[in-house]
Amino acid sequence: MSSSDWRQRHNGDQSSTGGTVSRGVLITGASRGVGAAAARTFAAAGDRVVLHCRGAVDRAEEVRAGLPGEGHAVIAADLGDAAAIPSLVAESAAALGRVDVLVNNAAMFVDEPVAGSRRIGHPLAETSYDEWVATWRRTLAVNLEGAAHVTWCVARQMLDKDPADGVRRGAIVNVGSRGAYRGEPDVPAYGASKAGLHSLGQSLAASLAPHDITVTSIAPGFIATDMTETFLAGPGGDAIRAQSPFGRVATAEEVGNAIYWLASAQANWASGAVLDFNGASYLH
1 MSSSDWRQRH
11 NGDQSSTGGT
21 VSRGVLITGA
31 SRGVGAAAAR
41 TFAAAGDRVV
51 LHCRGAVDRA
61 EEVRAGLPGE
71 GHAVIAADLG
81 DAAAIPSLVA
91 ESAAALGRVD
101 VLVNNAAMFV
111 DEPVAGSRRI
121 GHPLAETSYD
131 EWVATWRRTL
141 AVNLEGAAHV
151 TWCVARQMLD
161 KDPADGVRRG
171 AIVNVGSRGA
181 YRGEPDVPAY
191 GASKAGLHSL
201 GQSLAASLAP
211 HDITVTSIAP
221 GFIATDMTET
231 FLAGPGGDAI
241 RAQSPFGRVA
251 TAEEVGNAIY
261 WLASAQANWA
271 SGAVLDFNGA
281 SYLH
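The numbering of the sequence shown is the UniProt record's numbering, which starts it at 1 and goes up by one.
Hints in this document: simulated from the structure, not taken from any laboratory.
Quick reminder that beta carbons are idealized off the backbone N, C-alpha and C, glycines included.
One or more hints might be untrue.
[As the list claims (entries may be wrong)] Pair ranges (Cβ atoms, derived): (1) Ala-134 to Gly-183: 16 to 26 Å; (2) Ile-120 to Phe-246: 21 to 31 Å; (3) Arg-138 to Arg-182: 38 to 48 Å; (4) Ser-128 to Ala-233: 39 to 49 Å; (5) Arg-156 to Gly-247: 43 to 53 Å; (6) Trp-269 to Glu-126: 37 to 47 Å; (7) Gly-247 to Ser-199: 27 to 37 Å; (8) Thr-251 to Asp-162: 32 to 42 Å; (9) Asp-162 to Tyr-129: 47 to 57 Å.
Starting from the given sequences, assemble the full structure and let the hints guide the process.
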C-alpha cells in the first residue's frame, strides 16, 4: 500500500456512502519547506489546497503545479498586516468552497539583517534597542498575531458555513517549535512567539471543542529544508544532527505527514495537545 493510499484510507472524513471526501485546506507559508511538503501530503490524499505565501508567488505556483488533483490555488498576503487577513481567508474560502482545515505554518525565524550588519538573529547583548523593538514587533505580528487573526477568520467561517456531508466542522493545526521549551538565545522573539502559539492552540482547543473544531500544535526540532541547508552544510551541521540520538534532523515530509494526521479524524482526541516532533533531541 502506498503512502497516499494509506492517507486516503485513514483520512476519516467520509461521506454517507463511504467514499473519502475532499477537504478544503488552507496552509500558510506554503511556498517552500514544511508548508509545501504538507500541501503535497494533503493533495495526495485528495484534498484541495490553497497555498498562502507572502511574496514568493512564482515559487508557490511551482509547488501548486506539482500537486496531484485539481482545485488548488495560490494566494499572497502579508500576515503581519492584520487588514490583509480577512481577504486572504475570504479568497481561500471562495477558491475551496469552504476551509475545512487550517495549517498555521507561516513564520519568521531569522530576521533580515540590518543595513551594514552581517549578524544573524537578535541576541540581547549584541542588539540595539531600536533593532530589538523592531524585531519583536515584526516577529510577533507574523508568528503569533498573524496566526491568531487567520484562525479567527477561518474558525468563524467554519462556524457560519456547514461542511460537506461526512466532513467535520473543522481542524486547525499550528506549527510551533521545540524552541518554545528549550529557549532560543539568538532568536528569543521566535521562541517566545512559538510558546505563545502553543498556548493559543490550547486556549482555542477548549473554546472550539463544543463546535466540533479541533485545534492541535506540533513542535518540531531542526528540519532539513532549503532554508536550513546552509546551516546543515556548515561547520555546525554535525552538532545540529548530533542533537538527536538518531544522528539526523527531520525531513519536511515527515513533519507534513504528522500535520496531516493531526488534521484527521483519527486525531480528534488529541485536540489541545502539542506534539513533540524532534527525534528525541529535546525531552521535557
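Cross-check of the supplied hints:
no., hint, in the structure
1, Ala-134 to Gly-183: 16 to 26 Å, "holds (22 Å)"
2, Ile-120 to Phe-246: 21 to 31 Å, "holds (26 Å)"
3, Arg-138 to Arg-182: 38 to 48 Å, "violated (23 Å)"
4, Ser-128 to Ala-233: 39 to 49 Å, "violated (31 Å)"
5, Arg-156 to Gly-247: 43 to 53 Å, "holds (45 Å)"
6, Trp-269 to Glu-126: 37 to 47 Å, "holds (45 Å)"
7, Gly-247 to Ser-199: 27 to 37 Å, "holds (32 Å)"
8, Thr-251 to Asp-162: 32 to 42 Å, "holds (37 Å)"
9, Asp-162 to Tyr-129: 47 to 57 Å, "holds (51 Å)"
Hint compliance for this structure: hints 3 and 4 are not met, and every other hint is.
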